[in-house]
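Asks: As a plain string of letters, each chain reads:
Number of protein chains: 2
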Amino acid sequence: MIQETNVSTISVIGTGNVGWHLATAFYRAGITIRHVVSRSEEHAKELAEQVGAAPVTDLSVIKDHPELCLVCVSDDAISSVAETFRDSGVGLVHTSGSTGISVLTEVCQQAGVLYPLQTFTKGKDMEYAQVPFLIEATDTTFLKKLKTLAELLSEKVFEIDSEARRKIHIAAIFACNFSNHLVSIAADLMNENDFDYELLVPLITETMEKLQKMNPVAAQTGPAVRNDRAIIDRHLESLNNRPRERELYKLLSENILRYRNKHNE
Amino acid sequence: MIQETNVSTISVIGTGNVGWHLATAFYRAGITIRHVVSRSEEHAKELAEQVGAAPVTDLSVIKDHPELCLVCVSDDAISSVAETFRDSGVGLVHTSGSTGISVLTEVCQQAGVLYPLQTFTKGKDMEYAQVPFLIEATDTTFLKKLKTLAELLSEKVFEIDSEARRKIHIAAIFACNFSNHLVSIAADLMNENDFDYELLVPLITETMEKLQKMNPVAAQTGPAVRNDRAIIDRHLESLNNRPRERELYKLLSENILRYRNKHNE
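Which chain is which? The protein sequence lines are C and R, in order. Remember, the numbering used here sits 3 above the position in the first sequence when you count from 1. Remember, the numbering used here sits 3 above the position in the second sequence when you count from 1.
Simulated from the structure, these hints should not be mistaken for lab results. Heads up, the beta-carbon is just placed ideally off N, CA and C, and yes, glycines get one too. Do not rely on the hints blindly, as some may be mistaken.
[To be verified] Non-contacting residues of chain C with respect to chain R, defined by C-beta distances greater than 12 Å in every case (computed):
hint: 1; residue: T12
hint: 2; residue: R37
hint: 3; residue: I104
hint: 4; residue: T122
hint: 5; residue: T124
hint: 6; residue: S182
hint: 7; residue: D197
hint: 8; residue: Q215
hint: 9; residue: Y252
[Unchecked claim] Below 25 Å or equal to it, Euclidean Cα-Cα: the simulated SDA-like pairs (lysine to any residue) are:
hint: 10; chain 1: C; residue 1: K127; chain 2: C; residue 2: N267
hint: 11; chain 1: R; residue 1: K127; chain 2: C; residue 2: K127
hint: 12; chain 1: C; residue 1: K147; chain 2: R; residue 2: F198
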């Protein structure tokens with residue numbers, strides 16, 4: 004019984020940020036990585052070498068190995084990768100926030116999702132213990148396997164279905180991708196005026212440190228939450244030559260006030 | 004000559020986040036805080052006690068003391084505070100990013116701005132050494148005084164005029180206030196679905212750590228920068244019941260792609 008829920012060998016398909024990180028992390032956690040698959044021979048070799056795996060560029064090579072395969076490819080490529088494994092007996096697991104498990108269950112019996120709620124950058128080390136892993140599977144046994152596997156890396160493993168996972172993914176996009184973009188806008192505004200981006204770093208650090216400890220609505224500062232119309236109007240005027248940033252400034256300011264009022268109700 | 008550019012005693016008007024922080028920081032740096040002024044007796048007393056100052060609720064009390072006064076009140080209150088000091092000989096210094104120095108020069112000869120590019124939260128300690136202080140003054144001698152004062156706290160003191168300061172302030176609003184708001188939206192989406200905000204904290208931490216070291220455009224991840232239309236459309240549909248968040252999702256995604264293309268040119 005214990006044997007059944009253990010995974011000792013996996014293969015990793017995809018050598019992007021997620022594939023790179025998960026292959027490395029599971030390798031370090033004692034899992035054997037049998038194959039690393041990439042359409043690029045160079046990428047396959049590079050990662051395979053790091054994790055003691057065989058580099059593979061042709062998916063059909065690995066479909067006769069019945070272990071668990073982590074599919075770490077872009078969302079729109081998952082279904083064509085899955086198709087290669089139709090009726091192969093391989094346990095397929097994708098790592099996407101917003102693609103349902105159904106894309107895999109259509110082609111194979113044992114399927115699952117292992118979604119790390121984190122942003123990954125190739126080459127940057129990561130502490131996994133607190134990273135939430137959201138898992139889902141076709142059956143209890145496969146779910147237990149995924150749980151055992153994820154718990155090798157993290158203390159925070161949760162069973163979450165595809166719909167809930169998509170909602171959490173949207174929240175993550177606001178918290179991570181979109182806030183990163185606002186810093187891109189800030190960097191661009193600094194750059195346009197020949198100021199150094201570095202000047203903003205202590206502010207960014209402090210903003211995020213507050214968010215680790217405080218409710219973000221309580222942490223909100225700035226002209227919008229004070230409803231300081233004179234400043235807001237002056238800023239909108241300054242942004243007349245940047246209509247998209249101006250529109251974002253307007254929408255975000257209105258929304259900050261709306262959230263403040265909602266939470267003060 | 005050296006004597007002239009030193010400041011040994013200041014008064015602080017306003018006991019909000021900025022007043023609280025600057026009074027405390029300058030007190031710890033060895034400056035005598037003579038008066039702490041607030042319309043609220045309770046607030047004046049509370050801060051005055053911490054920094055060994057006299058609490059004051061009536062501005063006219065301090066206008067005969069010729070030292071430097073830090074005006075840490077909201078932007079729309081600066082001009083009425085300044086009016087109290089007309090022809091008093093007091094050196095007035097405000098701490099606002101987007102209010103010009105002219106609001107002070109209209110009423111007094113010695114005026115300046117000392118704007119810390121940081122977000123302040125009462126009660127939360129702050130490391131000042133790397134916080135940029137943007138200063139401006141009516142004349143060289145007063146500018147030197149402000150420089151000497153600011154350098155007691157920070158290694159990063161820059162002379163910046165009112166127009167440039169406003170532009171930097173707008174950048175800071177995107178990097179700090181607006182990114183904080185996006186985390187508020189994320190928290191709200193988590194809450195709506197009964198998920199814990201805490202789950203997002205490792206993601207927020209990692210997002211920030213990347214921004215300390217990487218160019219934000221290079222650090223951008225997510226469906227928008229990959230131009231993954233299927234995922235983006237699915238997310239927009241999920242947000243149909245939240246039109247404002249939906250609009251922000253759409254605008255931010257379009258803008259992420261635009262920045263990617265612009266920076267790849």
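Asks: Each hint needs a verdict: does it hold in this structure or not?
Replies: Verification of the supplied hints:
no.: 1; hint: T12; result: holds, 28 Å
no.: 2; hint: R37; result: holds, 28 Å
no.: 3; hint: I104; result: holds, 15 Å
no.: 4; hint: T122; result: violated, 5 Å
no.: 5; hint: T124; result: violated, 6 Å
no.: 6; hint: S182; result: violated, 4 Å
no.: 7; hint: D197; result: violated, 9 Å
no.: 8; hint: Q215; result: violated, 6 Å
no.: 9; hint: Y252; result: violated, 8 Å
no.: 10; hint: K127/C / N267/C; result: violated, 40 Å
no.: 11; hint: K127/R / K127/C; result: violated, 30 Å
no.: 12; hint: K147/C / F198/R; result: holds, 22 Å
Violation of the numbered hints given earlier is confined to hints 4, 5, 6, 7, 8, 9, 10 and 11; the remaining hints are satisfied by the structure.
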